[in-house]
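K.L.:
Using the sequences and the hints, build the whole thing.
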Amino acid sequence: MRGFWHDAVEFFPILMSGVALTIVVTIGSLLLSTVLGLIWAMMRVSGIKVLSMLSASLINVIRGIPIIVLLFYLYFVMPDLGVTLSALQAAILGLGIAYSAYQAENFRAGIEAIDKGQIEAAQSIGMGWWVTMRRVVLPQAVRIVLPPYGNVMIMMLKDSSQASTITVAELALQGKLIASSTFKNTNVFTMVALMYLTMSIPLILLVRHFEKRAGKK
Amino acid sequence: MIELTDVHKSFGQNEVLKGITANVEKGEVVCIIGPSGSGKSTILRCINGLESYDRGEINIEGLKVDRDAASIVKVRTQVSMVFQRFNLFPHRTVLENVVEGPLFVKREPRVQVLERGRALLAQVGLAEKADAHPPQLSGGQQQRVAIARALAMQPKAILFDEPTSALDPELVGDVLGVMRKLADDGMTMVVVTHEMGFARDVADRVLFIDGGVIVEQGPAKTLLNQPQHSRTQDFLRRVLHPL
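Chains A and B supply the protein sequences, listed in that same order. In this text, residue positions in the first sequence follow the UniProt record's numbering: the first is 1, and each later residue adds one. In this text, residue positions in the second sequence follow the UniProt record's numbering: the first is 1, and each later residue adds one.
If you are wondering where the hints come from, they were derived from the structure by calculation, not from laboratory data. There may be inaccurate statements among the hints.
[Unchecked claim] Straight-line Cα separation of at most 27 angstroms, DSS-like style, residue types lysine-lysine; simulated pairs:
#: 1; chain 1: A; residue 1: K116; chain 2: B; residue 2: K64
#: 2; chain 1: B; residue 1: K181; chain 2: B; residue 2: K26
#: 3; chain 1: A; residue 1: K116; chain 2: B; residue 2: K156
#: 4; chain 1: B; residue 1: K74; chain 2: B; residue 2: K156
P.N.:
Encoded structure:
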């Protein structure tokens, strides 16, 4: 145990630099997946056949490809096509795209859960599609969507570790580098696990809060 | 003011409107009665374009109702609708519900609209509920808010789709009272209803619909007291004397 605390103090600063990158990757890909997911979901419920079919097939393609392969593709293949991305850019882009499919399905479920009478009431006072979405549907859908959205945040935090496979020096990779140079596997990976857990706990509490609020109404 | 000419409408194989021709004059109160599934509500929903129709034509002061045309917004801002299940926006306050259309569709000045909204809530007897949320209100109160919301659009006519059918019996009177006042003030109203007392006392004319056609129409008292057609007689007997 003494050894652990000694190592913990020694490795903490290096692992914290990994934590910083983990947070950057998580927040970046969360934002991207939210925006993309909203776009896919809106296309899906637009009532325009071409758009909804395009969105449905896009979602299926994205869902059908493992995140790690998507990352490899963006980082190793894109340069051959003339597009060079930094590891961090590729990580955010890859995770953002991968998760946009789940976000889209989540958003769509939220939108479709809104009572049809709400949409008719909006139409009956002359609202067009977009105003109906903005003023009536989306504000109500948010309540429904937030708890699963929180779960996606937790999953993204953990899946950001996959960025290590394309050399982003986030928490998992920093841990691996220290472990392989010091052979202190137990101490290092215990620390890494505890640090992920520490970041997850506030999110888990947030989800619980969302669930309570959604259940109240 | 509202003119329907030979309107047909099918849901798949099921033809629910089989040639409806009718008109509603300015300031007139027309009640539509008939058995469930007869197409009453569909007529209302076609008039403000919530539903499309297959054949015939609906005009509102010469403006054709076409739910796929840009002009549908104009139709809907001129003809308001009150729903059976109220359909208030639960995430907004009562006052916000009332002013939503004027503010975000008609883009009227805020101060003026809020003032009008409060006045309308007072008119339906709910001035003190302005800041409540709809789920906190009784059904009767919610429906009166819905009427205020319809009025806030300053419509030329209001369509009522079974406005009291979802209410507890003791709350029906308040809503009918508000509607009666509107009728007295000269509002053009088309009311799908099962409240025969209201139809008799308030309506100028009554249409009896069955099987997607107008079986009989005429002045309210005449039609309800001396129905000519056997289907009308049968229907009224069942509604008025269910036992």
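K.L.:
Checking against the hints above, which ones are violated?
P.N.:
none
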